[in-house]
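Numbering-wise (full-length UniProt numbering), the sequence shown opens with residue 1 and increments by one.
Please note that the accuracy of each hint is not assured.
Computed Cβ-Cβ distance ranges for the label pairs, DEER-style [claimed, not checked]:
{"id": "1", "residue 1": "I457", "residue 2": "G753", "range": "17 to 27 Å"}
{"id": "2", "residue 1": "W18", "residue 2": "R237", "range": "25 to 35 Å"}
{"id": "3", "residue 1": "R237", "residue 2": "Y791", "range": "35 to 45 Å"}
{"id": "4", "residue 1": "A352", "residue 2": "A155", "range": "30 to 40 Å"}
{"id": "5", "residue 1": "L405", "residue 2": "L312", "range": "30 to 40 Å"}
{"id": "6", "residue 1": "A146", "residue 2": "G361", "range": "15 to 25 Å"}
{"id": "7", "residue 1": "D395", "residue 2": "A352", "range": "19 to 29 Å"}
What the hints contain is simulated information worked out from the structure, not anything from laboratory work. Positions of the beta carbon are idealized from the N, C-alpha and C atoms, including for glycine.
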Amino acid sequence: MTSLLSRSSLQYLRSRPWLMALSVLGIALGVAIVVAIDLANTSASDAFRLSTSTVTGEATHQVVGAGAGLDQSVYRDLRTEHGFRTIAPVVEGYATVEGTAESRTFQLLGVDPFAEGPFRPYAGFGPDSDLELEPLLNRSTVLLGAQTAEQIGVAPGDSLALSVEGRTRTVQLMGVLQPDDERSRRAVENLIVTDIATAQRLLDAQGQLSRIDAIIDDEGTEQRLRAALPDGVQLQRSDTRTDTVAQMTRAFDLNLTALSLLALVVGAFLIYNTMLFSVVQRRPLIGRLRALGVTRREIFQLVLSEALLLGLAGTILGVLTGIVLAQGLVQIITRTLTDLYFVVTVQQLSIAPLTLAKGAGLGLGLTLVAALFPAREAANAPVSMVLQRSTSESDIQRRAPWLALFGAGLVGAGVALLALAEGSLAWSYVGLLFLILGVTAATPLAVLGLAKAARPIMDAAAGVLGRMAARGVVSTLSRTGVAIAALTVAVASTIGVGIMIDSFRGTVETWLQQSLQADVYIQAPSPSFRQSTSTIDPALVEAIRNAEGVGNAYTVRHVDISADVGPTHLIAITPGPQTPDTYTLKAQTGAVWTAFATDDVVLVSEPYSNRYDVGVGDTLTLQTDRGPHEVFVQAVYFDYASDTGSVMMSRPVYDRLYDDERVSGVAVTTAAGVDTDALIAELRTQASGIQNVIIQSNEALRSASLDIFDRTFAVTNVLRLLAIVVAFIGVLTALMALQLERNREFAVMRASGMTPGQVGGLVSMQTGLVGLFAGLLSLPLGYALAYVLIYVINLRSFGWTLQMDVDLGILLQAVGLAVAAALLAGLYPAWQMANANPALALKEE
């Protein structure tokens with residue numbers, strides 16, 4: 001009997017190749033999106049961890065300064081006065097190689113070759129190395145990875161033009177690094193190694209170190225090293241930075257993963273629809289098999305095995321497609337991570353077996369879950385009912401109110417989770433999923449109501465055919481209902497994410513309009529757009545202040561420091577008359593700007609306040625060059641520059657606490673009667689020969705900021721499109737299934753005198769109603785998704801308060817998209833039904 005069932009199953013699958021192929025394609029796309037996003041995220045994270053471990057080497061701890069760097073005398077004292085030998089100085093930065101076959105940004109690593117032996121073996125500075133160190137100690141010589149040198153077309157002895165923070169420097173390639181193992185070879189792909197003195201000159205950081213690496217084997221040595229450090233200098237574990245970045249990007253990764261899973265959920269609807277159709281179409285056969293002695297369990301296993309076969313094919317195809325798709329997505333994600341968090345370059349995709357296994361598990365798991373209900377229906381229905389083809393439709397219509405009630409319960413559970421899971425982003429997404437599934441469960445009842453309302457309208461517009469189209473949606477609800485639900489979810493996600501992005505963009509535009517009060521902005525080039533710690537040459541800062549046409553010049557300094565609550569981005573600004581108008585305060589106490597100018601007070605951004613639970617009236621302990629120093633939180637301000645948050649203090653207070661006179665940017669107002677373009681030309685003349693800085697007008701900077709914003713959501717837009725594609729396949733599958741099932745019905749219509757054009761029109765109207773109902777149902781769900789994304793998910797992910805702005809155009813476009821997708825999906829089935837041979841269709845199999 002088992003062999004007979006298997007042959008029957010295979011014959012059924014082979015007889016409907018296009019239907020099965022579409023089902024496989026739907027699950028494949030869902031799996032592909034999940035795998036691609038996970039691989040791209042993993043590749044970017046691996047690249048960062050690899051670059052971090054590359055420059056960290058074997059170090060267990062790091063000695064770091066309070067702010068921007070560490071005086072090199074600290075290293076000298078630790079080595080000579082305190083006798084620490086397993087320590088090594090490091091200078092870090094970024095440099096772009098210009099004028100070669102390939103322009104790339106590299107991590108610049110300055111080291112002491114004589115102290116390097118135990119730390120970074122790949123650099124070839126160990127006691128057994130045959131590398132000549134003397135040339136590296138000469139001024140302006142560097143090392144590159146052998147493969148990298150070949151890629152950019154240089155060889156030992158060649159000169160390289162480096163752009164470092166806008167300063168062009170020429171260096172000579174002394175040699176190439178050729179590590180023995182593959183991981184080390186990958187590690188040096190984006191690395192330029194040079195001597196400490198050369199790195200300091202290139203980065204304009206004379207006398208400064210980025211940190212001191214240390215290898216500490218016991219607690220006693222650690223305590224002794226801590227005791228030897230001067231005020232403002234700390235000892236931390238070497239993995240601190242990696243852990244910090246992982247925390248920074250966790251919400252970013254989770255949001256992308258959640259959005260990618262949406263396509264897989266839509267794909268699961270498709271599998272459900274396919275398997276339900278296969279059960280409904282084979283009801284007579286299943287009934288006969290049951291009558292002949294086939295058990296319920298065997299029928300149940302038959303349906304599940306078919307679903308597993310489709311799921312397996314879709315999963316394999318999806319995993320392979322995901323790897324290809326990840327090749328494109330990784331560059332988009334990498335660019336976004338560089339813009340928002342840290343500089344990272346991914347030269348090759350990291351194909352993690354765990355990611356592939358996770359994608360395969362999700363694909364097969366969701367396929368089986370989606371097939372459980374159809375399999376149960378086939379197995380548990382009495383033989384007499386199985387032999388009745390109308391049973392399925394009467395069942396779904398009878399159960400519609402109960403499904404809606406169940407959906408209401410899911411919505412209630414989702415709302416409760418969203419309200420209670422205040423500290424958990426993952427549980428917030430579970431609540432959102434319950435909300436989506438709850439609305440989905442109510443779809444059959446909603447379709448019944450919409451079809452009833454549409455019947456008189458369709459009657460007036462298209463007569464008998466219109467009434468038949470409206471009734472047809474109801475009479476095939478067991479199949480069209482799932483297609484409508486899948487399309488509803490996909491279009492609702494487009495509405496929700498679209499409203500969220502538009503609201504976000506509108507909020508950012510308003511914020512930029514208020515924040516950019518100056519006429520011209522000058523900053524040093526940096527690989528990362530936000531919160532750059534690159535500096536402007538002091539001579540250029542002075543030249544800007546004295547340039548003709550400059551009214552006032554206000555400086556800003558960005559620096560990463562440590563605070564008692566965690567890693568902190570500190571912004572030091574020069575207060576001026578425009579400062580109160582530049583920042584919108586969310587909460588405050590006392591005379592904020594009077595105290596800010598001179599007192600030990602700070603303002604914290606809203607994301608920082610939410611991330612660390614720091615508010616007005618609290619105190620922060622900042623690590624400064626004078627040691628730990630308490631500051632009072634005077635106010636919380638709205639800020640959309642960074643989701644990691646920042647602390648802002650006045651430049652006079654910063655100068656008291658930190659030995660750092662450098663400037664990251666300058667904001668300039670024009671003198672009376674001076675044209676902005678003329679001032680920009682004058683400033684570029686002043687910068688010529690000193691430093692290649694970025695000089696932008698207020699409007700240009702605003703435009704550049706919005707370009708970065710749009711680039712940030714590029715991946716989101718791709719995922720929205722792919723979810724629609726999966727839903728489109730779902731509608732097409734449902735319509736093709738209906739074509740097969742209703743062949744005889746339409747043949748009777750043709751035999752009764754209906755023309756092919758009328759049949760095609762009937763199918764097209766029914767298809768249009770499917771799209772219209774999905775579009776209408778997606779409106780409330782899309783609005784609810786937008787509300788949750790803006791006021792729950794976004795706030796818990798990034799700490800921003802956004803102003804919700806619903807554009808009527810997005811809603812109309814969504815309904816139009818649903819109708820267009822359904823009509824497009826119905827073209828081929830309509831043509832097939834219209835041109836089918838009635839005589840053949842009326843013959844019994």
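Worksheet item: So does A352 sit 30 to 40 Å from A155, Cβ to Cβ?
Response: holds (35 Å)
Item to complete: Using the beta carbons of L405 and L312, state whether their distance is inside 30 to 40 Å or not.
Response: About 36 Å separates the Cβ atoms of L405 and L312, which means 30 to 40 Å holds.
Discussion item. 17 to 27 Å was suggested as the range; check whether the CB atoms of I457 and G753 agree with it.
Written reply: With Cβ atoms ~26 Å apart, the hint holds.
Worksheet item: Is it true that the C-beta distance of D395 to A352 lies inside 19 to 29 Å, as the hint says?
Response: Between D395 and A352, where Cβ atoms are some 44 Å apart, the hint is violated.
Item to complete: Given the hint of 25 to 35 Å, check if W18 and R237 actually sit that far apart at their C-beta atoms.
Response: violated (59 Å)
Fill in: Assessment of proposed distance window 15 to 25 Å (beta carbons of A146, G361)
violated (40 Å)
Item to complete: Evaluate the given range 35 to 45 Å for the C-beta pair formed by R237 and Y791.
Response: The hinted range 35 to 45 Å holds for R237 and Y791, with Cβ atoms some 37 Å apart.
Of the numbered hints listed earlier, those contradicted by the structure are 2, 6 and 7.
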